[in-house]
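Student: Protein chains in written order, with my numbering: chain B, 193 to 520; chain F, 193 to 520; chain Z, 193 to 520; chain R, 193 to 520.
Hint data in this document are derived by calculation from the structure and do not stem from the laboratory.
Keep in mind that the hints are not guaranteed to be accurate.
If several chains are the same, the list does not tell them apart, and a pair holds so long as it fits within one copy or across any two.
[Said to hold, decoys possible] Derived BS3-like pairs: lysine-lysine, alpha-carbon spacing no greater than 25 Å straight-line: (1) Lys474 / Lys440; (2) Lys481 / Lys294; (3) Lys379 / Lys294; (4) Lys440 / Lys397; (5) Lys397 / Lys366; (6) Lys474 / Lys397; (7) Lys203 / Lys405; (8) Lys405 / Lys481; (9) Lys405 / Lys366; (10) Lys203 / Lys440; (11) Lys294 / Lys440; (12) Lys254 / Lys379; (13) Lys501 / Lys254.
Number of protein chains: 4
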Amino acid sequence: MAIHNNRQRLKDIDNTGFGPNSSIEGGRLVNPDGTSNLRKRGIPIWERMSVYHTLLRMGRRKFGLFVLFLYTAVNLFFACIYFLTGVEHLVGGDGGASYFEKFMEAFFFSSQTLTTVGYGRVAPSGMLTNSIASIESLIGILIFAIMTGLIYGRFSRPRAYLLFSPNILISPFKDGKALMLRMATYKNNNLTDVEAQITLALHVKEHDRTVTKFYPLDLELSKITSLALNWTLVHHITEDSPLFHYTKQQVMETRMEVMVTIKAFDDHFSNVVQQRTSYTWKQVVYGAKFLPMFERADNGEYTILELDKINHHELVNMDQYQNKTVGA
Amino acid sequence: MAIHNNRQRLKDIDNTGFGPNSSIEGGRLVNPDGTSNLRKRGIPIWERMSVYHTLLRMGRRKFGLFVLFLYTAVNLFFACIYFLTGVEHLVGGDGGASYFEKFMEAFFFSSQTLTTVGYGRVAPSGMLTNSIASIESLIGILIFAIMTGLIYGRFSRPRAYLLFSPNILISPFKDGKALMLRMATYKNNNLTDVEAQITLALHVKEHDRTVTKFYPLDLELSKITSLALNWTLVHHITEDSPLFHYTKQQVMETRMEVMVTIKAFDDHFSNVVQQRTSYTWKQVVYGAKFLPMFERADNGEYTILELDKINHHELVNMDQYQNKTVGA
Amino acid sequence: MAIHNNRQRLKDIDNTGFGPNSSIEGGRLVNPDGTSNLRKRGIPIWERMSVYHTLLRMGRRKFGLFVLFLYTAVNLFFACIYFLTGVEHLVGGDGGASYFEKFMEAFFFSSQTLTTVGYGRVAPSGMLTNSIASIESLIGILIFAIMTGLIYGRFSRPRAYLLFSPNILISPFKDGKALMLRMATYKNNNLTDVEAQITLALHVKEHDRTVTKFYPLDLELSKITSLALNWTLVHHITEDSPLFHYTKQQVMETRMEVMVTIKAFDDHFSNVVQQRTSYTWKQVVYGAKFLPMFERADNGEYTILELDKINHHELVNMDQYQNKTVGA
Amino acid sequence: MAIHNNRQRLKDIDNTGFGPNSSIEGGRLVNPDGTSNLRKRGIPIWERMSVYHTLLRMGRRKFGLFVLFLYTAVNLFFACIYFLTGVEHLVGGDGGASYFEKFMEAFFFSSQTLTTVGYGRVAPSGMLTNSIASIESLIGILIFAIMTGLIYGRFSRPRAYLLFSPNILISPFKDGKALMLRMATYKNNNLTDVEAQITLALHVKEHDRTVTKFYPLDLELSKITSLALNWTLVHHITEDSPLFHYTKQQVMETRMEVMVTIKAFDDHFSNVVQQRTSYTWKQVVYGAKFLPMFERADNGEYTILELDKINHHELVNMDQYQNKTVGA
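Generate the whole structure from the sequences, applying the supplied hints.
Tutor: Quick look at the structure:
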């Protein structure tokens, strides 16, 4: 089959950290958010999960609910203990008659202890209750310390805040075609020394087995000194490009995947930031070109970057390229 | 026009992250504080603003006012809630007669809860008020955690603390001229492995369109091992320099912009720090040279760096350079 | 002796930071956890120990016990002081009759002060007791600050979370043999730009003295762009390899040690992480090869990495390699 | 004079960040602790001092006293305010008769508010006192946040913990001499990828002016992969060395200064650490060699590094080197 012969002269690489054996790998390799499409097994979950990092990367709303849940759960736990060891040792309260009122008094006393607010209107008396309250306030302080660390960690976690175009385009470029994707930072951060790296993964048949082949894609510009506006990554599909030898149909058959890694220095964080993403063949638009996404302000004093236009493109006629392959 | 011909042999670069199309870019490219002169649009403000980083970079006084405002606002909010749900559930207070006095009691109780000081002279009673107080003290702890993170972030944010001379000078240098600017660290920090990079932006006419051209400017010394005293960046205007081909008048017409990036290792932070700035043609002083800004202490035992002399220069006669262009 | 002659043409290195004099060095050089097998002496322990880092690297359970112990100790200390300076100045309590009850009241008051919960049911009165409580609450706040820092430090300490195969294998490879070891990340973290470096240490006789010789071992692949699945480090034992010239017996006699250093960028921490380990000749399995440790999920949509199979290998017949040396 | 001629063929460098003009520089360039021997002037002290970094680098004892002083000062300040606005609004106290007792009650109330312990035995009443207490508790929380940040910053500040030999030796080496200095880490930290850089500064006469010349000194080994034991930096004084051309007397006259910079990766901090030091001609010992500073443990299972022997050396006869210059 032609695909196989064409590929022979191309140099594939084996330093991607993924294996070449397609038959035991499942689905796409990298998820759109840049994580590997992989599950780990064989050691207990608490050893293979990093609780801290899970909480760090959790969405804002989910994190809020988690905090509220934790607070309620710990207070319920201690309220039960105070209730069981004798709520009468919590002196000073309203002294409600019902069990529910007594339990709630224990619950609120617990919350006052955990947060160290300690009004003292209700206060512990006796050895046992005092001991429990003493432990609870220590736990409160430790939870607080953990919260402080988590919240600081969430805020200060270096991120590139890059927005990628949802589509990859096959656009006319010079005398041929190029694969293009576009990106921009969507926050008020400054990236400098920005490097891009694109790896193509193809699942091809070789000696009756399906193997995964990886190819680095050369970029017209793979490093820029500063990312102020948007940046369009351009891979010119020349004869040296692996894509030159595939038709649109073949690209689909090989379940093409384009993995993108961006590395930059962010002076918000004074740190290196990295963001990865991945496109599959389903996201390729054949025969289109990106339209500008920035314009001059009306008063002429600054430039406006329109982030909602990140994927703004128009279809172009690619008929003059008689060759049916994706490239040339 | 001569400008265009002269420029032909110079190599301009397109890896600056700014676009070449002057007609849609507005004003200067980089602000004096090093940020890009750019606004983003098309996604909601809370997604394109990093609240954390805005608070991190806010001036000290403004940050203090923000904290005071936040504290008052949250307390007012909870005071309203306590007031509406029945201030009589806050037992123990002075029991002022007027609504205002009652509201203030709720306000102060709120502040005692939020800061977890919880004197308890005024304390909540009843399910509803206890629940609100319980939530408020949690919020207090979380706000406190955020404050701790913010304040630590503000202190520990790696910065180069570089002071740049407000002017760029065109000074006599060797047999010709040089573009010079001066910098020094103004805090008690030590920078090592300091690298400087200067990019020149010119807005020139090309085929009836104004395009922005970027040129890297070669420096006599672009890297020093340690920045103890001041450092003068010197770009010798030789025939290879883009500035060689422009007269003073033309520099103004092309709205010249000089973008400076300094990168160094700071052993205060044990981190890479970066600082950027930008000069426009209005800041160029033609025919001047910097005067020394350090001297020996009277007792001869240390050196004194006089930071107020960062821009200290004297005018020099440049008449012997008959050529009217900026360069030789 | 043959060993010595063979070695002559190999280039050993002296930049490992370990000395060449085997007779004064003891035991293995690097421990399995990557620390140097070394004790320091000659300066007081508090100067040569980093308390912070010891607490940072302490196991979770041990750290919890340490916190509990510290809390109890500080409270006991202050309880003694309150008791000695007159427990009657702690007004409001249950006023237990026995010394023990009085002491415990002081103890619980101390814990309420240290955690700043301060119910106020028991409160200090008089100059001396007030002063002590005032100092204790300051100490409480400082301990709290230290705890927050420690807990944040423990969470956010950049680590590679690498799992190494407990054994090194001598496997068939190409026309000869190779030394192989395997690794994988066991948490949900992503390593990129992963570099491996292996150094071989041999204790050999030279002019009647035993000296330690260090050799870098060439790897088939010493850098990968991303570590998604497992990575097998392969050192092909060619004629250029120091191992080529040793028999199994000689390897034991030279007390071979294989030191492994992995350096990578972790985008959890946006930081460089490093992990080291070391194998001795006792961990070498002669004639075996690793078996796959990942498979496709049943639904075909992701890959499963089985961490308990990190050391999964089968013995292979190495008889065709007639040469008795470790290498081909 | 011979010194000047000899120097001609040596290449001095001007990228050290220090100026060449000796007559306006004072004393040594770099202090033993690695900071520049430099004072800054011309801008207000609060702009040129980094309070955070000063507190970060302050000795442990001094920092403790600073915290105690700050705590007392803030409490005194607020005690005065409570006293002046009417101490009778602090209800509940012992109600001491004397002014002093009243003031102290205000002082202790202040400390209970600042630390948020808030027993409530003494509690504020009335608008004004409540407002002040509300502000104070906010300030308390902010100071606490600052303390947490400072203490974490102090603990987590990346440092190399390097101990340098107090002396530089001129030792016999190969067929000639070498300048040697020794270092070791004194904490339980692991340094990898350690790089050393030595710069020699000489104040020499040139055309009737004294100028400072800087020379990089070549090292036998300038980079090691890991610093486990001690490391001796060796500069072989060959004909290419600037020191080759100076006699002992001339070294003193030129007020020789040897500036040392060590850069390494520390896996405690997972960060690059840097330490600098400087030696003057007074610290040079002519004709001596370092003695070993580590030995095998009695049980043979680990190595002992004796830190008190960092400067351990014995004098050696250098008479065979007839040449009177420092070098060969």
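Student: State for each hint whether it applies.
Tutor: Against the structure, the hints:
With identical chains, the CA atoms of Lys474 and Lys440 are at most 25 Å apart within one copy only, with a shortest distance of 11 Å there and 55 Å across copies. For the homomeric pair Lys481 and Lys294, neither the shortest alpha-carbon distance inside one copy (70 Å) nor that between copies (67 Å) is at most 25 Å. Taking the shortest alpha-carbon separations for Lys379 and Lys294, neither the intra-copy value of 51 Å nor the inter-copy value of 45 Å comes in at or below 25 Å. Taking the shortest alpha-carbon separations for Lys440 and Lys397, only the intra-copy value of 17 Å comes in at or below 25 Å, while the best inter-copy value is 42 Å.
Proximity of Lys397 and Lys366 under a CA criterion of 25 Å is satisfied inter-copy only: 24 Å between copies versus 32 Å inside one chain copy. Proximity of Lys474 to Lys397 under the C-alpha cut-off of 25 Å is restricted to the intra-copy arrangement: shortest distance 20 Å within a copy versus 43 Å between copies. For the homomeric pair Lys203 and Lys405, the shortest alpha-carbon distance inside one copy (10 Å) is at most 25 Å, but the shortest distance between copies (37 Å) is not. Proximity of Lys405 and Lys481 under a CA criterion of 25 Å is satisfied inter-copy only: 24 Å between copies versus 28 Å inside one chain copy.
For the identical chains of this complex, Lys405 and Lys366 are inter-copy neighbours only, at 21 Å across copies versus 28 Å inside a copy, given an alpha-carbon limit of 25 Å. Proximity of Lys203 and Lys440 under a CA criterion of 25 Å is satisfied intra-copy only: 21 Å inside one chain copy versus 38 Å between copies. In this assembly of identical chains, Lys294 and Lys440 lie within 25 Å of each other by CA distance neither inside one copy nor across copies; the values are 72 Å within and 75 Å between. Taking the closest pair of Cα atoms, Lys254 and Lys379 come within 25 Å of each other both inside a single copy (22 Å) and across two copies (22 Å).
In this assembly of identical chains, the alpha carbons of Lys501 and Lys254 never lie at most 25 Å apart, being 29 Å within a copy and 35 Å across copies at closest.
Violation of the numbered hints given earlier is confined to hints 2, 3, 11, 13; the remaining hints are satisfied by the structure.
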